[in-house]
Every structure is written in structure tokens, then in C-alpha cells.
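Visitor: If you want the building blocks of each chain, they are given just below.
There are 2 protein chains.
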Amino acid sequence: MTEQPRWPLEGVKVLDLGQIYNGPYAGFLLAHAGADVVKIEPLGGEVLRKRGGLGVPFSLTMLNTNKRGLAIDLKHPDGKQLLKDLVKEADILLENFAPGAMDRLGLGADVLLKENPRLIYGSSSGYGLSGPDKDNLAMDLTVQAIGGVMSINGPEDGPPLKAGLAVCDFAGGVHLYAAIMTALFERSVTGKGRVVEVAMQEAVYPILTSNITSLHRNGWKHPERRGNRHPTNGSAPYNVYQCADGHVAIICVQEAHWQNLCDLMGRPELKEDPRLETQALRAEHEDIVDEAVEAWTRTLPKAEAARLMRENRVPAAQVRNLEEVTADPHMHERGMLHDIDHPEMGKVVLPASPLRFHGSPDPSIQLEPAVGANTDDVLKEWLDMDDAAVSNLRESKAVG
Amino acid sequence: MTEQPRWPLEGVKVLDLGQIYNGPYAGFLLAHAGADVVKIEPLGGEVLRKRGGLGVPFSLTMLNTNKRGLAIDLKHPDGKQLLKDLVKEADILLENFAPGAMDRLGLGADVLLKENPRLIYGSSSGYGLSGPDKDNLAMDLTVQAIGGVMSINGPEDGPPLKAGLAVCDFAGGVHLYAAIMTALFERSVTGKGRVVEVAMQEAVYPILTSNITSLHRNGWKHPERRGNRHPTNGSAPYNVYQCADGHVAIICVQEAHWQNLCDLMGRPELKEDPRLETQALRAEHEDIVDEAVEAWTRTLPKAEAARLMRENRVPAAQVRNLEEVTADPHMHERGMLHDIDHPEMGKVVLPASPLRFHGSPDPSIQLEPAVGANTDDVLKEWLDMDDAAVSNLRESKAVG
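Residue numbers (the working numbering), protein chains in the order written: chain A, 179 to 578; chain B, 179 to 578.
Among these hints, one or two may not hold up.
When chains are identical, the list treats them as one kind, so a pair holds in a single copy or across two.
Below, simulated BS3-like cross-link-like pairs (lysine-lysine); rule was C-alpha separation at most 27 Å, straight line [stated by the list, open to error]:
#: 1; residue 1: K525; residue 2: K399
#: 2; residue 1: K525; residue 2: K266
#: 3; residue 1: K449; residue 2: K191
#: 4; residue 1: K370; residue 2: K525
#: 5; residue 1: K399; residue 2: K228
#: 6; residue 1: K449; residue 2: K253
By construction, these hints were calculated from the structure, which means they are not laboratory data.
The following block holds chain A by itself, in its conformation from the complex:
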């Protein structure tokens, strides 16, 4: 009862070779669960650093808090040896290079697992480490295209549309974390490490469950884009409605929700309308439903409409922009979002982890490391190197 609060991954050592979003997000979850995550970058920094124009891109900051920085040239013979030495001390190595990139460096999973059979080697890529498509170039945009996301996103009368958020990259990253944790748990039973892998295309597939259900239900015709409406035309109200000053989303999945809404709108007679008596009938007559609902929402500010529905137990939410989201009092109170002064960027809002462990300390945020910011500390702590050894490596440009 009076135990010290503890992070679940205290003592776990991670080499995070991730770049851009996918790998770094897996490393972010590890770092925020208490692991010692060392972000390994080339001496010039990872590719995302170049995207900021001058200065650090905010995206790099957001995904690399609570990590330490170590710069290694993995093409340098001493750099390769150094990575192997670090692997001997590590529990986890993760990367999201193109398949085969680590092998070409002589640092593939088979080599590293020979150095340390307890290592969990985690790899994420667009299409995975096997199969005919494995070498196709993959970014979030292309995986959204080939993975079917675009085909079901967008207005009913428009062309395929990219989802506005990088769902494939992050589906890859969180599934990579999940796979790594699974293998780490297994190691506590077997004593052995493993290679685990995640393909972005496969990680996004389950997220299409509603849409794939519609495909199966409709005789293998692919579902149309449905704009803001229900993907399988299974429910109404289910839409985004214009308010006096913005929009509100409303979804009624139980009879009580619809009945509450009719009363709230001052339209009790709709409860008796035979065209709208069941969920299936309302879905069939979604135009009638949507017109009645929007006639009401247009008269109200979005916050007021949302408040009224909350109080009357109708599932609804205002559509917020990202300025409103980053200022959300609820997420700030929960310790998910933090206002922080960044030395280069000024005021920023940074997230903690969505993984919440009751009984752990309150979330806290340490800013992202500069390239190689902790090279000395990590080499001394992990490998017992002295100043001279580190200096030699730095002079030979194996580390930075």
C-alpha cells in the first residue's frame, strides 16, 4: 500500500533506430512507459530533422520526448562494432528502415541476435519482411492508397481521398510496440529473444472492419464513399450537422437516443412517424432524419447543442479544430497534454503516452534530445567506456 510508484518498463534498455513517425512512435511509447530509450541517429540526424526548414520540426519533438540521443555512423567499422556492443546490453532494438537495410549494413537481425540471444528485434515496414511486395517503397500516402483507406474516405460524389491523419504510419508504430511488448513478456518465460515485425498495410487492415463488413454484406461490391454517413448505411442519425457557428456530430444507436433527441428538438411527433420507427427504417430514410436534425442544430452554437444532448443522453460531440483540441481542459487535467516552453519554438503543447498505468508516477515530459546529445553518457553507462575511448570514437567520426 505504501510502495513506491513505479513505471512498468523501468530497467528496460532500448535502441531506437526509428525515423520519421512509425519507429519513433514505438520508441515514444517505450520511453513514456519508463524504459531507457536511446535514439540512435546518423551524425547528421535522422531524415525527419531535415523537414523543419530551419530548426527542429515540431513533429520530431512530439515523438521523441523522454529519449536520450546517441549519434553513430553505422557505415563506419567502429560504428558497426559499437552497435553490436550496445546490442549486448540492450533488451530491445527497433527500426523502420526499408527491409534489408540493416542486413546490407551487416547488422541484420540474425547477426544481432547472435550477439545477444535475449534481444527483441522489432521491425516495421510498409509491407513486411516477406512476400512479393516487400521491396515496394512505402510511405503513409502510398499505403493508404494500396491498403484501401482512400477508397472509403471522402464525400459520396468525390474521388478517393487520403485520410487527413497519418493512420498507416501510426498503426505501424503502435502495433510495433505491441509486438515488442509481447515478445518481451514471452522472454520472461522462455529466456529468449525474437524477431517481431509489423507491416503498415496489415496494421491498417483491421481498422477497415466496418468497410470490409459492408463489402461482404453487399455481394462483394466495394462500398461507396459515404462522406459523414454510416459506412454500411446501418444507422441514422449518424452524421455531422451544421450549427450556427460550426458543426456537431450525432449518432443514435439505441431507441432511447432517438427518442431523447426528438423530445429535445421539440419534435415528439417524430417518435410516432412510421417511417422512422426502427433503426433500420431511420437508416433507410436518412435524408428525412438528417433534415429534421439539422433544422434544429442550425439554430444553436455547437457547444450549446453538444451540451443539451449530453444532458439528455444523446451521443453527440462538437467538431473541434486542433487549436481547441490542444487546449482541451480534460486532457490537460489528465496529464495527457502539457504546455511547455521549447527553447526554439516557444510555447508548445506536448502529449504524454495514451498508455496509462494506474499507480505509476504522474506523466512528465523531457524535451527531445539533440543529435548525439547523450553520446558520452550512454557509452559510459552502458559500456563502461572512459573519456579517452569516447574521444577516440568521436575523432574517428564513428560517433557524434
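Fit chain B to the given chain A structure using the hints.
Guide: Coordinates of chain B only, in the frame set by chain A:
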């Protein structure tokens, strides 16, 4: 070297009280990693079963393969006691009811952790178990609204648009799995269980990294919807282009990509165009870039355009519909997708897990359980009950 292939979660026992998408997806990942996952439903079945019209909805099948079925009435005193008895044998219990629902049943986390201090109790909800918004009704649609997803999805000139895939539900589900695994690993160190929780709104937040970056970069004005273009206007070509028979997505993030594309299009002079010399300049002149690229893609079928770009190392992919995705030879070859005859639905395509563990057996799929399909087996195996004891429970309608 000649060890038996093994699933990482062999021997792990899970009570999956999930419903609809979020919780069941966490249970799906557990089941496909080798855990004994018992899907617990009320005697009438979970809420998703009612969405199929007649028969099982495909979505329920897709997310509940490799689980066993146990029907318990948790409002029945004997049902409550039975759940406590099962918890004593379990490693993990997961649920995605509204916050407080399990407490109102007398089966809250504190009660269950008292029964079994080694239990990992995993909860996922829209807004989490604390904070002012915790009791707001949450579905994927409303969390997309309030979480900012809609604000950045859609054509540039249109209203906020729901992302066509249930990104908040599934972000919740996979993060819940991730949190559970983290605590399960920790238990191997501390011997103790924990409550872990995930809020859908928080799980989707990091997926908005590009968009939140744009917000920070642009003086806290919220980013416009950008249709198929780059969310921060950082790159071109970055778009979806019309082909003779569909669409292709193209993204050039290195100079070589752009130069390869110019050559492939038969437009080498564009490489020398001073307006298009750098990534930043091409982004600034994205209309010129897009016009040149689409003039070329319009002349080709999408598969041909994608093949030519693949061979010339330009990152690109055809836009596929879900019929094409579910037939993908690559994912079938990798064992991610399986053609299966479903007794009610006929031919269906079912996924294995995106989590891939090298050295484990090949993925295989057992169809979803009917409500209470394995009640007898589970009670006998987990609790050593005899036929009479199970019959008594069934007669009193505590189980089904």
C-alpha cells in the same frame, strides 16, 4: 535450433468482456498471439450481434476469431460470483464498457484485483476513467469530432469530414492491447497486477502529429483541410492522380524521386526548371507539379503507372478498392489474409494478426464462437466444475 515453434502468449488466460470494436480488437490480438481468450457475453449476446440483421455480422466474425465463447449474466448473483472465480484463474481481464459500469455491477477493478492481485485489468473508453469528460457518451464518430480528426479530413473547400475508417475505436483497441502487454511484462518482474487504461481520444491524438505540427508552425491557426495534398504543404508531388482507369498516389520525398519521375514522364526539362529545383519550391508550386504529373498519369492504367514508377524508384501506389485489397496476393501469401468458408456467410476473407512473431507457427483462423459456445469447457477446465455444477448454473440462468 530444433525447438518447437511456440506462440508468445501460450498459457496466458484472458477474460475478454469487450464489445463492438475497441475491446474485441484487443482480445483479437491476444488470441492470435496464442492466449486462451474467453469472450464473455450476456446470454443474449453482445451488442454488436444485433447489428447483423439476421445472422452474425461479419464484423463480429472478423474480430472474434480464435476465441472461445462463455455466456454469463453479470447481473445474476451466481454470475457475479462466477466471474470472480474466473478472475482468480485469469491473467488478464479487459472491457470497454462506459466508465463505472463494472463498478455498478460490483465487479470493479478494485474488487477484482482483491480477488487476484496478479490480474491485469484493462479498460478502454472514449475519454478515460478520470477527468471532467469521463462520462460523455463516446463512439468512434463522436471521438473523431471532438478529437480533431474531422477538422483535418476532407476536401479543401468542404466541411469537416469523418475519416472513413473507425480510427478512434481501433486506436483504442490496439493501445489497450499495448498497455495490457506492458503490465503483463511488468508482472514478470514485480509479481503484481495493475489497472491499465486507454482513452480513445488520447490514442488518436499522436496520429495527428503532422496536423498538430502544422498548427504549431503556422502561429496557432488550425490547419486547413488539404484534400489529398500534404498536410503541412511540405512536399510535391504528394497527391492522388487520375489515371485512365482509376487513381494512383505519388509522393516524392527525395530529389532522386523527382528526377526519376521527370525522366519517366519524358519531361527531363522539369529537372532544370528553377521553380521546381527544391522540395520547398515544388511545394510552393504544387499546382504546376500536379498538372505535369497528372498529364502523364491520365495516359496510363493505374497498375501500369504504378509498375513503371516502382521500376524507376518513384514512391507510388495504385488506389485500390476493398475488393482488390481483400484479394491481395501479397497479404494472402504472407498468411495475413485467409479465404474461409463461413457456415452462414459463405466465402469470406478473414485476417490474422498484424503482429508477426518469427519462429511461431503459421497463422491459422478458428471461426468466432456462438454465444456461450464453450461455456461447459471453460468452466470445467478453468474451475474444475463437474456437469452437475454447470447444469445448475445454466438452470438458474446465470450462464448460457
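Visitor: For each hint, tell me whether it holds in the structure or not.
Guide: Hints, one by one, checked against the model:
1. For the homomeric pair K525 and K399, the shortest alpha-carbon distance between copies (14 Å) is at most 27 Å, but the shortest distance inside one copy (49 Å) is not.
2. In the homo-oligomer, the alpha carbons of K525 and K266 never lie at most 27 Å apart, since the shortest distance is 40 Å inside one protomer and 49 Å across protomers.
3. In this assembly of identical chains, K449 and K191 lie within 27 Å of each other by CA distance neither inside one copy nor across copies; the values are 60 Å within and 46 Å between.
4. Taking CA atoms no more than 27 Å apart as the test, K370 paired with K525 passes in neither setting, with 45 Å inside one copy and 39 Å between copies.
5. Only between protomers do K399 and K228 lie at most 27 Å apart by alpha-carbon distance; the minimum there is 23 Å, versus 43 Å within a single protomer.
6. Proximity of K449 to K253 under the C-alpha cut-off of 27 Å is found in neither arrangement, the shortest distances being 71 Å within a copy and 30 Å between copies.
Checked against the numbered hints given earlier, the structure breaks hints 2, 3, 4 and 6 and satisfies all the rest.
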